[in-house]
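Peer 1: If you want the building blocks of each chain, they are given just below.
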Amino acid sequence: MRTTDKEELLVRRAKSGDSEAFGQLVQIYQNQILYLAYDFMGDYEQARDIAQDIFMKAFNGIDSFEQRSSFGTWLKRIAVNTCKDALRKKQRMPEKTNLKPQLTSPENADRSDGHRDIIKKGFINLSANQKTAVVLRYFHGETISQIAEIMNINENTVRIHIHRAVQKIRQSLRK
Amino acid sequence: MKFCSFEKYFSEYIDGQLMISDEIEFLGHIERCPTCPSRLDAFYYTHRILKNVNRPQPDAMLIEEYANRLTNSFSSPALLKRWYYSLDDIINRWLPSPSLWWRFAAILAVLISGVFIGRFLLRPVEPELTLITDIPFRWEKPISNADIEYINYYLLASEMILLEIENVTPEDSDILISHETAQKLLMKTFLVHESALQLNSQQLLHFLSKMELILYELANADEGDNEELMESIRMVINESDLLEETRRLQRVIEDTKKG
Numbered sequence: 001m002r003t004t005d006k007e008e009l010l011v012r013r014a015k016s017g018d019s020e021a022f023g024q025l026v027q028i029y030q031n032q033i034l035y036l037a038y039d040f041m042g043d044y045e046q047a048r049d050i051a052q053d054i055f056m057k058a059f060n061g062i063d064s065f066e067q068r069s070s071f072g073t074w075l076k077r078i079a080v081n082t083c084k085d086a087l088r089k090k091q092r093m094p095e096k097t098n099l100k101p102q103l104t105s106p107e108n109a110d111r112s113d114g115h116r117d118i119i120k121k122g123f124i125n126l127s128a129n130q131k132t133a134v135v136l137r138y139f140h141g142e143t144i145s146q147i148a149e150i151m152n153i154n155e156n157t158v159r160i161h162i163h164r165a166v167q168k169i170r171q172s173l174r175k
Numbered sequence: 176m177k178f179c180s181f182e183k184y185f186s187e188y189i190d191g192q193l194m195i196s197d198e199i200e201f202l203g204h205i206e207r208c209p210t211c212p213s214r215l216d217a218f219y220y221t222h223r224i225l226k227n228v229n230r231p232q233p234d235a236m237l238i239e240e241y242a243n244r245l246t247n248s249f250s251s252p253a254l255l256k257r258w259y260y261s262l263d264d265i266i267n268r269w270l271p272s273p274s275l276w277w278r279f280a281a282i283l284a285v286l287i288s289g290v291f292i293g294r295f296l297l298r299p300v301e302p303e304l305t306l307i308t309d310i311p312f313r314w315e316k317p318i319s320n321a322d323i324e325y326i327n328y329y330l331l332a333s334e335m336i337l338l339e340i341e342n343v344t345p346e347d348s349d350i351l352i353s354h355e356t357a358q359k360l361l362m363k364t365f366l367v368h369e370s371a372l373q374l375n376s377q378q379l380l381h382f383l384s385k386m387e388l389i390l391y392e393l394a395n396a397d398e399g400d401n402e403e404l405m406e407s408i409r410m411v412i413n414e415s416d417l418l419e420e421t422r423r424l425q426r427v428i429e430d431t432k433k434g
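Chains A and B supply the protein sequences, listed in that same order. Counted the way this note's numbering counts, the first sequence spans residues 1 to 175. Counted the way this note's numbering counts, the second sequence spans residues 176 to 434.
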């Protein structure tokens with residue numbers, strides 16, 4: 001059975017209330033969603049909670065999924081919107097001194113610096129849409145048309161978001 | 176800084192994701208444009224950094240906890256529901272979606288079946304007959320208790336006559352069996368014969384044919400023929416082992432009554 005066929009079957013079962021089928025869909029996407037949330041938040045603990053929230057939203061709203069796009073695209077749209085929302089809330093909250101150690105594995109600690117720098121410094125001047133487009137394009141390897149579908153905007157707008165975001169990141173990283 | 180409309184294709188051009196026609200147009204523009212080549216170089220540098228950046232891996236414990244939380248949130252449904260979903264899968268996967276006419280036909284078939292089943296379930300209850308169907312004699316049709324009793328009575332009477340014939344000696348010149356008795360039993364033979372035909376019992380029919388012959392001879396015998404007649408009847412009885420056959424049939428009847 002092809003992956004899409006299997007996914008379609010699982011989605012149909014999940015829509016009829018089969019939580020086990022939804023559990024199998026979760027298994028397929030759980031890492032992608034965790035990393036997507038991390039790319040927005042820059043913190044795995046927050047990302048874990050947000051990812052869980054994303055799956056709960058998807059489970060509760062699966063009846064509204066009309067299968068015009070793939071399940072992955074639909075799930076990532078929920079993920080992006082949830083992450084944007086979480087970022088907005090985070091920005092409104094006063095910055096707390098983070099005393100907790102970052103929950104990354106020690107062998108990756110040195111390699112994480114580049115990524116963390118980009119999220120901390122490079123993304124600082126990006127709009128939510130620019131950030132979303134860059135994350136999906138560069139960290140998740142999505143094509144322009146896939147990003148357009150996830151963000152529900154047209155492809156040229158995605159291209160412009162990416163171009164402007166890359167220019168801003170270059171300027172920020174130069175400083 | 177003025178934004179050239181072709182700049183938005185930089186990312187796709189670098190990744191080789193432009194369609195051929197778009198790429199030809201893009202390259203044609205790059206050759207002519209005074210700003211795009213230098214901007215493409217600058218874009219390429221940041222693009223490469225972003226592409227090659229490594230995301231730090233999360234702590235194994237965090238991943239485990241995350242997976243456990245998700246597993247607990249979306250646990251397995253009850254067994255019955257799982258069967259329902261499996262059946263639903265099979266139906267949806269293997270059976271084509273029926274057309275409107277097929278759906279109509281299916282509904283009609285269900286309705287007709289329902290009417291038949293309903294009529295069967297709601298039919299008036301007929302008085303129950305005590306029928307004995309499973310007996311060792313291999314009755315091919317069910318018979319009633321009254322028939323069994325009648326056949327039994329006939330077999331007993333036949334045995335009595337056969338015994339009398341067997342036991343009569345040449346000295347007993349007076350025949351013990353009257354014409355009248357033989358005729359009565361002959362009439363009963365016809366009735367039992369009817370039952371045997373109805374039952375399609377070959378053993379009983381065979382026995383009756385022998386008895387009919389004997390009784391017919393007895394009913395029509397002259398006074399002087401007694402000795403010769405008795406001798407010839409005894410021969411028939413012995414050759415056919417008719418007495419034993421009568422007893423065997425009686426045992427079958429007894430079994431039937433007990434069963």
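Think of the hints as simulated: they come from the structure by calculation, not from any bench. There's no promise every hint is true.
Distance condition first, Cα-Cα at most 27 Å in a straight line; then the derived DSS-like pairs of lysine-lysine [to be verified]:
hint : chain 1 : residue 1 : chain 2 : residue 2
1    : A       : K121      : A       : K89
2    : B       : K363      : B       : K432
3    : A       : K90       : A       : K168
4    : B       : K359      : B       : K432
5    : A       : K121      : A       : K84
6    : A       : K57       : A       : K84
7    : B       : K183      : A       : K84
8    : A       : K84       : B       : K226
9    : B       : K433      : A       : K168
10   : B       : K183      : A       : K121
11   : A       : K89       : A       : K57
12   : B       : K226      : A       : K121
13   : A       : K57       : A       : K6
14   : A       : K6        : A       : K89
15   : A       : K84       : A       : K168
16   : B       : K363      : B       : K433
17   : A       : K168      : B       : K183
18   : A       : K121      : A       : K90
Peer 1: Looking back at the numbered hints, which does the structure fail to meet, lowest number first?
Peer 2: As far as the earlier hints go, 9, 14 are violated by this structure, in ascending order.
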